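Peer 1: Just need the whole structure built from these sequences, with the hints factored in.
There are 2 protein chains.
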Amino acid sequence: MLVHELSAAECAAVLRRTHIGRLACARAGQPYVVPVSFAFDEEHGCVYSISSVGQKIDWMRQNPLVCLEVDEIADTGQWQTVLAFGMYEELDNDPGHAEARQRAHERFEVRKEWWFPAVAKLPTREERHAVVVYRIRIDRLTGRRAGSA
Amino acid sequence: MLVHELSAAECAAVLRRTHIGRLACARAGQPYVVPVSFAFDEEHGCVYSISSVGQKIDWMRQNPLVCLEVDEIADTGQWQTVLAFGMYEELDNDPGHAEARQRAHERFEVRKEWWFPAVAKLPTREERHAVVVYRIRIDRLTGRRAGSA
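Keeping their order, the protein sequence lines are chains A and B. The opening position of the first sequence corresponds to residue 1 in our numbering, with each subsequent residue numbered one higher. The opening position of the second sequence corresponds to residue 1 in our numbering, with each subsequent residue numbered one higher.
Note that these hints are calculated values from the structure, not bench results. What you were told as hints is all true, and nothing was included just to trick you.
Facing chain A, according to a computed beta carbon distance under 7 Å, are these residues of chain B, among others:
(1) Arg22
(2) Ala26
(3) Gly29
(4) Gln30
(5) Pro31
(6) Tyr32
(7) Asn63
(8) Cys67
(9) Asp71
Every value quoted in this text rests on a predicted model; they were computed, and no experiment measured them. We put the beta carbon where it would ideally sit given N, CA and C, even for glycine.
Peer 2: Next up, the structure:
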């Protein structure tokens, strides 16, 4: 088995066709990682996601440095994994975020069922307001592929 | 869809039957997360793994606080995820680690093919020596399940 570095174009291709990743954040040296649904915006170099307010959002508000891991694992000998290092940015109702929110919502509309779990645990109308749309601005993208060739 | 907290026994059951997780570490506030193969040792409250020396090992040597995420995702409405928070500990050739190394190697023997990728990128005999056996001592285990019931 050989392991290759992926090119930038190959990394982007994985992000285009994959919609579940594992997002890691950290506070006071303690990392925290959870699965997230995301949508890639290649033109603007970011991914969008949505989440109810909780530990992940609390921690990223305190420290916006994150790492999104996306992989395609066929078996232990055939896999590729892409890491997007970047910064968490909340897309609140500030007019400066209107265009980015619009781009996020266009992508969320394509597959509404992806996003439901992010807010599923919120049972009341009041709590549904505690939902955050955010993007990860990608600063660096790396990837590796393992296989027989 | 409802989201439930998993009991300690349910979290342990996921770790017993799952062998690929995503391991997050952090350095200077920057998280880093990669897929790993692991074997759970329920009796000793830890997981074992093996890796070639690289960024992940370098970072965990500097800051042993880690988070291992393990999930079973059928679709966006049916999933469970377990987080093991704990401490990285290298199982070097110190006699104090002999028993733990033995337990790790017994588990590695069960499915040798899992472990090969961890060292696959090392082409020379000299570099193969730069392989680390380690455990994550689990301090806290949490889990959630989403589904229709």
